[in-house]
Each structure stands twice: as C-alpha cells, then as structure tokens.
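Chemist: Here is how the chains run, residue by residue.
There are 2 protein chains.
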Amino acid sequence: MRKTFLFMDTIFNKVDAKGRVSLPADYRAIVKEAASEIVCYRSLTSPCIEGCLEDLLEKLAQDMENSLDFFSQEQDDLTNLIFGDAKRQTFDSTGRIMLSEKLLKHADITDCAVFVGKGRKFQIWNPENWKKEEERIRAEVLKKRPSLKTPGEAK
Amino acid sequence: MRKTFLFMDTIFNKVDAKGRVSLPADYRAIVKEAASEIVCYRSLTSPCIEGCLEDLLEKLAQDMENSLDFFSQEQDDLTNLIFGDAKRQTFDSTGRIMLSEKLLKHADITDCAVFVGKGRKFQIWNPENWKKEEERIRAEVLKKRPSLKTPGEAK
DNA sequence: AAAAATCCCATGATATACCATAGGCATAAA
DNA sequence: TTTATGCCTATGGTATATCATGGGATTTTT
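Protein sequences, first through last, are from chains B and A.
135 is the number that our numbering gives to position 135 of the first sequence; each next residue is one higher, with no gaps.
124 is the number that our numbering gives to position 124 of the second sequence; each next residue is one higher, with no gaps.
No lab work stands behind these hints: they were computed from the structure.
Mixed in with the good hints there might be a few duds.
As the list makes no split between identical chains, a pair holds if one copy fits it or if it spans any two.
[Said to hold, decoys possible] Below, a list of computed lysine to any residue pairs in the SDA-like style, where the Cα atoms sit at most 20 Å apart:
(1) Lys143 <-> Ile97
(2) Lys121 <-> Asp85
(3) Lys144 <-> Ala29
(4) Lys18 <-> Gln89
(5) Lys118 <-> Asn80
(6) Lys32 <-> Ala17
(7) Lys118 <-> Asp55
(8) Lys131 <-> Lys143
(9) Lys118 <-> Asn66
(10) Lys105 <-> Ala35
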C-alpha cells in the first residue's frame, strides 16, 4: 500500500464529443487507494479546472473553522467560491470523467486537455494555454532565483 | 535496518533503445528499505535528470499545505513546476526504470548515462556533460576555498 | 419523446513484467 | 598464488497486461 497520495506528471488526453476524458491511470489509482473521491472546480486564479481528493476540501473546511479569521469577509468569499463551484466527479468503468460545460468553458477546452500534477491537487488545462503558462512560470521562477540558472546558459 | 537513506557514488549504465536503464543496485536497496518509490524530474538548474524518494516530495507537499497562504501565487507556480514534471518510476524485476523522451532530451542522454549520488537526491547525466560539470565544480570549490588546496601545492 | 448521462464492449498502441544470457566480483578450494 | 565456483548485476529480447479512446446500447432526466 502506498503512503503518499501525490498527483504528478503532465498527461495529455483527448476529450470526446460527449465531453468525456480519461482520468490518467495514476490519478485513478490514488483515488482508489485513498478511498476518497475526485472533486473538480474552476480555478480561482487561472483559466483551468482544478481537482483534488474530497479529503483536501474537508481539511480546508477544518482549517477555516479553526482559523482566527473565522468571520473574515475574505475567507467567506473564498469558501463560497470553492464549495459553491465544486462537484464530485465519478468515473465510468474505463476511467473517464465527464466535464461539464461550465468547467470546459472556463478552461477553454474543446477536444483535448492536459492534466498537470500539483501534489495534493491537479489541474486540467487547454494544452496551448498550459504551454504558455509553463513558460511563464519557468521564467518567473528563474527570475526570482537567478542562482538557479543553468550553468552556461547565457540567456 | 539502516537509518539513513543516502544516494552515493557515481555509476555508469547503458540506456537501451526503449529508454530503459538499470537503477544501480545500491539505489534499489534504498528504495526497498525506505518502502518508498523513486520519483524523477528535470533538474531546474542543470541539464540532467534528478531523482529522489517520493517521501521527499511528500514532505514538500506537506510544507505547502501547512503554510498560511493556501492560495498564494508563488506556491502555485512552484507546485506546478515540480509536481507537474515529476513522475513515479517503478522498476521491473531486473531493476530497470523507463526514462521518458522528455527527460532524456533535457539531459541530452541517448545510449548511456551516469548516476551521481547527492545524498537525499541523485542525478542522471550524459557522461560527457557530467565530466565537464565535475571539473567545473572542482575548480569552483578550489577557487572559493584556497585553504583546501593540497599542502605543498604552491598556490 | 428527446436529450443527456451512464454503462459496456472492442481495439490498437504502449508500457510493464518476465525470461534468458553474459560478465564481473568475491569467496572458496587447490 | 592461482584456479574454480557461485552469486549478483546489467542488458537484450519477448510476451503480456494495461490504458486511452471510439462506438454503441441502455438507462435516467426533463
């Protein structure tokens, strides 16, 4: 039995005419072992779909409860947005989930999608948008940490 | 049972046409005893592949979770970059792992590779590139710490 | 009834598991 | 010291299982 439940890797999958996508096999294995369910919602910050185990949202709710800012407007808004948007995603015997119109539209996904692991969470992107986003992030990270630059890369 | 799990030594192995490489026996022993799995990803800093136990990434995920800004941009970026690139590497009964095209290309590896121990992590290099890198590192160290010079070596 | 969602089967591609061989290193034997 | 023996590792090849994906049938919803 595995000890860790981390979503990793970047997987490209097709979305068929009915809006079905194969959840990557690795992700399915996690869901199965964790005995929890996948929950998806529109990312608050990016044009992509975000997914995680229901456990994580449970933890989020808990943290909010215990937080000092229990009545803060900000947290209220955040929880509203997330929990109001989130939806459990079941998958069929071949491991496909159905993405709703709302989600697909938010991420601008039509016929193909990229799953990007984020540890406890994962994201689903329009492949082209992800490519740009990845480049942006790489540039950003290297800018903040110039010492990380590849030796010899004069860039 | 051993208490420490450190990757050490420098091992040269062949990569076959399918991208398979034998994980050095010592490394395999660590994986087995730690009851964790190997995870590989493109190094952020060098043209090489980096590997570690999944536990290490688990720890990273934990730190992220416990940090205050659950929704911070910076964390988002980092997790995307690291977990999006990482991949669990299982090995077959003879101890080989499969390196993806993406990884091989990043490290410029074709038919042979060098495993370099780095303690909690290890790296996989193109042998020629590693040779140069090692020389660079040696020179760097000597430059910064002249006192390390072999006694008798006149400056 | 129409539309949508869910389920099930079939298929090709690909990664994974397994089997076989050869070479090296260390210990045991001479 | 030299030779023989056996185990372990690396490596090549092959078979098998798994996965992504298309299409159709069945059920549920409205």
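Chemist: Between copies, within a copy, both or neither: which fits Lys118 and Asn66 at Cα up to 20 Å?
Modeler: This pair counts as between: shortest inter-copy Cα distance 15 Å, intra-copy 25 Å.
Chemist: Within, between, both or neither: how does the pair Lys121, Asp85 come out at a Cα-Cα threshold of 20 Å?
Modeler: both (16 Å within a copy, 14 Å between copies)
Chemist: At most 20 Å between C-alpha atoms: does Lys118 with Asp55 qualify within a copy, between copies, both, or neither?
Modeler: The answer is both: 15 Å in one copy and 15 Å across copies each meet 20 Å.
Chemist: Have a look at Lys105 and Ala35 and pick one of within, between, both or neither, based on CA distance no larger than 20 Å.
Modeler: For Lys105 and Ala35, neither the intra-copy (30 Å) nor the inter-copy (37 Å) Cα distance is at most 20 Å.
Chemist: With identical chains, the pair Lys118 and Asn80 could be close in the same copy or across copies; at 20 Å between alpha carbons, which is it: within, between, both, or neither?
Modeler: Answer is between: at 5 Å across copies they meet the 20 Å cutoff, but 23 Å inside does not.
Chemist: At most 20 Å between alpha carbons: which applies to Lys144 and Ala29, within, between, both or neither?
Modeler: neither (36 Å within a copy, 37 Å between copies)
Chemist: With identical chains, the pair Lys131 and Lys143 could be close in the same copy or across copies; at 20 Å between alpha carbons, which is it: within, between, both, or neither?
Modeler: Within one copy, since 18 Å is at most 20 Å while 28 Å is not.
Chemist: Go through the copies and call it for Lys18 and Gln89: within, between, both or neither, with a Cα cutoff of 20 Å.
Modeler: For Lys18 and Gln89, the Cα distance is within 20 Å only inside one copy (15 Å; across copies 33 Å).
Chemist: From the Cα coordinates, with 20 Å as the cut-off, is the pair Lys143 and Ile97 best called within, between, both, or neither?
Modeler: neither (38 Å within a copy, 33 Å between copies)
Chemist: Have a look at Lys32 and Ala17 and pick one of within, between, both or neither, based on CA distance no larger than 20 Å.
Modeler: neither (27 Å within a copy, 34 Å between copies)
In this structure, the earlier hints numbered 1, 3, 6 and 10 are contradicted, and the remaining ones agree with it.
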